[in-house]
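Peer 1: Residue-level listing of the chains:
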Amino acid sequence: MSGDSSDSRPATDGGSASDTGAPGADSRPAPSEQPAPEERDHPEGRRNLEGIRIDPVVEAEHESRRAVISALVEDEPGVLARVSGLVSRRQFNIESLTVGPTTVDGHSRITMVVEETDPGIDQIEKQMAKLKPVISVGEVAGDAVTSELVLLKVEADDPAAVHAVSEMYDGRTVDAGPETITVELTGDNASIDNAIGAFERFGIVEIARTGPTALARGNTPTAPGEKPGTAGEPTTHDD
Amino acid sequence: MSDTAAQPREDDAEDGDDPTAADADDPVDTDGPAAGSVSTGAESVVAALEAAGAQTAFGVQGGAIMPVYDALYDSSIRHVTMAHEQGASHAADAYGVVAGEPGLCLATSGPGATNLVTGIADADMDSDAMLALTGQVPTEFVGNDAFQETDTVGVTRPITKHNYFANGADSVGDTVGEAFELSRAGRPGPTLVDLPKDVTQAETDETPGPATPPAGTDPDPNADADAVEEAARAIEAAERPVCLFGGGVIKADASDAARTFARTYGIPVTTTMPGIGSFPEDDDLCLSWAGMHGTGYANMAITHTDCLIAVGTRFDDRLTGGIDTFAPEAEVVHVDIDPAEISKNVHADYPLIGDAGRVLDQLTAAVREAPDAEAWRERCAEWKETYPLTYATPDDEPLKPQFVVEAFDEATDDDTIVTTGVGQHQMWASQYWTYSEPRTWVSSHGLGTMGYGVPAAVGARVAADTMGEQDRDVVCFDGDGSFLMTMQELSVAVREDLDITIAVLNNEYIGMVRQWQDAFYEGRHMASDYTWMPEFDKLAEAFGALGLRVDDYDEVAPAVEEGLDYDGPAVIDFHVDPEENVLPMVPSGGANGKFATAEDQL
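Taken in order, these protein sequences are the chains called A and B. Start counting the first sequence at 1; every next residue gets the next number (UniProt numbering). Start counting the second sequence at 1; every next residue gets the next number (UniProt numbering).
Worth flagging that the hints you see were computed from the coordinates, not collected in a lab. Even glycine gets a Cβ: it sits at the ideal position worked out from N, Cα and C. Each hint should be verified, as a subset may be incorrect.
[As the list claims (entries may be wrong)] In silico lysine to any residue, SDA-like type, Cα no more than 25 Å apart, as pairs:
| id | chain 1 | residue 1 | chain 2 | residue 2 |
| --- | --- | --- | --- | --- |
| 1 | A | Lys-126 | B | Pro-158 |
| 2 | A | Lys-130 | A | Asp-118 |
| 3 | A | Lys-130 | B | Asp-554 |
[Said to hold, decoys possible] The calculated label-pair distances, taken between Cβ atoms and stated as ranges, are:
| id | chain 1 | residue 1 | chain 2 | residue 2 | range |
| --- | --- | --- | --- | --- | --- |
| 4 | B | Glu-378 | A | Glu-39 | 38 to 44 Å |
| 5 | B | Gly-154 | A | Gly-100 | 22 to 28 Å |
| 6 | A | Pro-77 | B | Asp-282 | 51 to 57 Å |
| 7 | A | Gly-78 | B | Ala-381 | 51 to 57 Å |
| 8 | A | Asp-105 | B | Thr-139 | 37 to 43 Å |
| 9 | A | Pro-77 | B | Asp-145 | 17 to 23 Å |
| 10 | A | Glu-74 | B | Gln-470 | 45 to 51 Å |
| 11 | A | Arg-46 | B | Asp-551 | 45 to 51 Å |
| 12 | B | Asp-145 | A | Thr-210 | 31 to 37 Å |
So that you can see chain B by itself, here it is in the shape it has in the complex:
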């Protein structure tokens, strides 16, 4: 790492080809010599991050975090200055999803820290590994309501895996290293270290030791062997087995193990939304994702299954619908690294606590013969025929958003990374794009954070570039409402010359709310009508990005091509049918098998 440390970074570097990208092929040597000598707490913080393998940070400067930024000046870590701290936390989150490493974000005390909160909560809900470093007022002022003081540890306690208040320059490096490792140990999640300015400014010559997660936080990856055998017997005996692969499969890099297991035993596969990409959606066994706006065939399969093999999922209510009608005849095999998820929402008949990949390998080895599921596979195939995802494109109606998603999918390779905001566009992006690889679907699932898409595209692009994958496309599908929340991060994409294409599916509504108002509030469009949107193509040009506008079908393909070909950030403002609804839909708390395929069924 020391050979790149001589290269100073400046946030407004005119050269978009960041030198770190050229180093991407060099594996980061985390077992190498301990961090070099340090003279302050801040240098110890940075030395710990470098030693832990951190390559990239996203953040915003500010008073109380200045010592840490000063130490970053001479660091090998690439710092990407964001326009807003929320953008920093989302970018770090998405970076972590794509890179498979903890994301790293920084902010100052007070408003800097509170602006990070949405992104930290988002990472917490989606179990994404991320470390947030926040500046804090000097220790002697803590508790005095000092300028830019917020009880950051208190505010973030319920939304972090653990958080720390650094209490000395000698130990701060070890604390930061521990927090970094803890974020990815066992079930991943965000951690935070609050750094009082006196601690980072104080002198110390204590170089941080090798970073390790705290004792007891790195669980046994293997499930109990007897429990595996019992689950294997249940799987063999099943007549209607279904796999449900969740985000944990992707986090555990267990997609290969998941594919092997399902294909070896001919078991149809559904995924959760965070599990999109864990299993190829074009595989005959794949029924795509289940839940509120999942496919009809996935919802039929999880409703009628007699053996649900759920891996790395926490049975969120958007997946289960009403618990009373969720997989009501299924014995549940539940694989999870977090024992607290076992029987939290859905009772596990066969709990298997361990790493998704290791336990899937254990199951693959333990099952002696495939379940007799030929008739069931045929039934699943019939459901695919009966309930396909389709939409109409009548001549007298405006451009359909689903068509735009399909056009992008058609024009891009399988390794393309898709990020989204939250709302209707997110659902169409997940429904009408055929995902086949893990870490290509980057979205805000549990928290449902509108505005996630643009900063996530920044983080995803930087991650791909850092991994030497400059050829991969990054496409952000956004809604007009979501885009308006965080579009200032477009300035970062322009400054850093990031090759991303943002497709705004602009329906001049906060569309999911409008859909619910039509379905459940008698069409009273209170505060959902967004006809006051700016012209996004012109706005994009003002930022220095490519800006395009599309209103008709015949403009779609050329615009998609131009946006993807453009070497830098492009925004395409697709004016789509404002009346289009996301279907199928399981009403909140309803039965998955009773999904509505038309508005009048809601």
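Chain A with its partners taken away, still in its complex shape:
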């Protein structure tokens, strides 16, 4: 190009080209003439990491809490992979996940214990609800019945003492040999933790825990829209 370069160019919509070689071709401010970031007005407000506007006086942050989420799912291949994959790729903090059949043929219940903020729990429920095999999902009401099963294998040096502790925690001896004793315990989280503490003095060899499973009390449905006692009755995503 030579000479007045603007002559050879087609007019462009908006005429954005600001040609330093042809003053007056574009009177609009060039980028370098536009107010720099620190020269502009900026609002005072802020949002927190969850995208919630922060009240400048009372800054409210959500604390994470333990929640039991129950999902009624269609028992089809891959459903557990869909749920666990979702939890892992969205970085939800999950303590445990159990799965088992329900009274309805072809339906399973997945029970998850999560440690999340309220918006996080909301997200888990909404994202799970989008999975096609998930029929219904929700947090189990606060006074849910939760229980976990634990198999605990301890050294058999003092069988009588092991038996006594086991009775104290309503445990059941399921295997006893010359070297180890295996005890089955059920209960809620706190009582299980207490029991394990009590068995520690015998020397715990191995332990297997199922993680808690849960049901809502009384006539409250465990998963939203679920109709207790009506085996075979369909529930829908919309409930």
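Once you have looked at the hints, place chain B on chain A.
Peer 2: Only chain B this time, still in chain A's reference frame:
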């Protein structure tokens, strides 16, 4: 459909005017009689696709998918053989964007399926309706690490709306029909059906029934009436309202509703990048798109607004910048069909769950008086004056890429479809082209897939031709790096005689990386220097396309004209200024209102 079924297709048809194009005016009768009789699983698959209204498929043959291809031989569905399965998935994606119908792509098992993955992930991130059909090894070999076996359902589970493993010839047609409908039900997205060869080869006389999405996946399009009223009160009370129209507005065909709403109440409009075209950029109310490389005035408006009316957007981080500084004083009205998007990234004060068009109509009806926003509109207009998109064209510097984009915009009609790869050229194509119609901007947003542009141009061209819109131009802006990733699909454009014009904005860099290296890595150009590029004009000629090269300003207009006039694929290799940067720019995680207009502000 049966009257066209007699016409066999061959991939190397010498006649570029595909007979299906002539049928484009005939509406596809999806409610017509059920699919004709079938004898195999594969025929059932094809019958289901035809019954669902599929007109076009993009794919690559291979062992495990051969039965389905054999069934396509007698089908009304036009099959476009692509050079690579990634191209098939992008072409199907773009076809769907332009046509407003689910795109359809096919591949064989193993590498065929894994090559589709990028395009499926791309469609997933951009909520594009698409169905992928993959061949699979016979059921009895699944799990044995058989030849060309990949756990396709496992691999694609996190990047599909849902995927299926077909487990019988009797049901495979219904499964395919369901997957097709599911891809466009509610929030669109890709679905996949994995088709073991024994299932497609097996005999069946079960013709698929009418295709329906699975129960519970087709949500109520209307938002809760009380929630609409509450949002309407907030909008009436706003002093600094701004609309933010996202890709969901386009997917819901809600551009008219969006225009009516914003114009009725005099509310300035910004869009997201996927929302480009939802609102005319030459409208006085329009502030163009917001985000990392959005306009300064759009970013000022969403920073200072007190009421953000966001429709069909998921508040991607490239839009919001740092969440702490995103629209920090705004009450947020969030309209979305997917409840999980509500308050996922930005808290919604007024969540409205429903179809973008229906909810915008509800809002238009519910708002009683326009917000008192005269002063705010003036302020927005001042920002437009203060922060225009401009660039300098000094005589002693090479051709500027922005100029090329403007020259194409000037030379084409408003209905021209623009596709792009990903990088600097994509940003210039979105900044310096004035979009006024939906489904004219076809790009890879969420996934940011370099190489999207050429196969997307193939898909877009085929879609426009199928709709009987042969007169529309399709222009692909590509970078040299992006072009090199998928340019083999140029062979498809030549074979099918597709009228597309590819403008390579060649700066011999993987330019966006080079820009970031200069800004954030002390100018250390590690692996971003692409001086080893081939001569694209000659390469284009070798493919059988028109190839041109442009180095100077005075060559631009004639080359643009020649490329657009050429009846077939043309590639113009524009050698542009390697040092040009994309501005304005909001640094990653930064405040939108603090966009940099010059490199030294980064």
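Peer 1: Indicate, hint by hint, whether the structure satisfies it.
Peer 2: Right, here's what the structure says about each hint:
{"no.": "1", "hint": "A:Lys-126 with B:Pro-158", "in the structure": "holds (16 Å)"}
{"no.": "2", "hint": "A:Lys-130 with A:Asp-118", "in the structure": "holds (19 Å)"}
{"no.": "3", "hint": "A:Lys-130 with B:Asp-554", "in the structure": "violated (55 Å)"}
{"no.": "4", "hint": "B:Glu-378 with A:Glu-39: 38 to 44 Å", "in the structure": "violated (20 Å)"}
{"no.": "5", "hint": "B:Gly-154 with A:Gly-100: 22 to 28 Å", "in the structure": "holds (23 Å)"}
{"no.": "6", "hint": "A:Pro-77 with B:Asp-282: 51 to 57 Å", "in the structure": "holds (53 Å)"}
{"no.": "7", "hint": "A:Gly-78 with B:Ala-381: 51 to 57 Å", "in the structure": "holds (55 Å)"}
{"no.": "8", "hint": "A:Asp-105 with B:Thr-139: 37 to 43 Å", "in the structure": "violated (24 Å)"}
{"no.": "9", "hint": "A:Pro-77 with B:Asp-145: 17 to 23 Å", "in the structure": "holds (19 Å)"}
{"no.": "10", "hint": "A:Glu-74 with B:Gln-470: 45 to 51 Å", "in the structure": "holds (46 Å)"}
{"no.": "11", "hint": "A:Arg-46 with B:Asp-551: 45 to 51 Å", "in the structure": "holds (49 Å)"}
{"no.": "12", "hint": "B:Asp-145 with A:Thr-210: 31 to 37 Å", "in the structure": "holds (33 Å)"}
Going through the hint list in order, the structure does not satisfy hints 3, 4 and 8.
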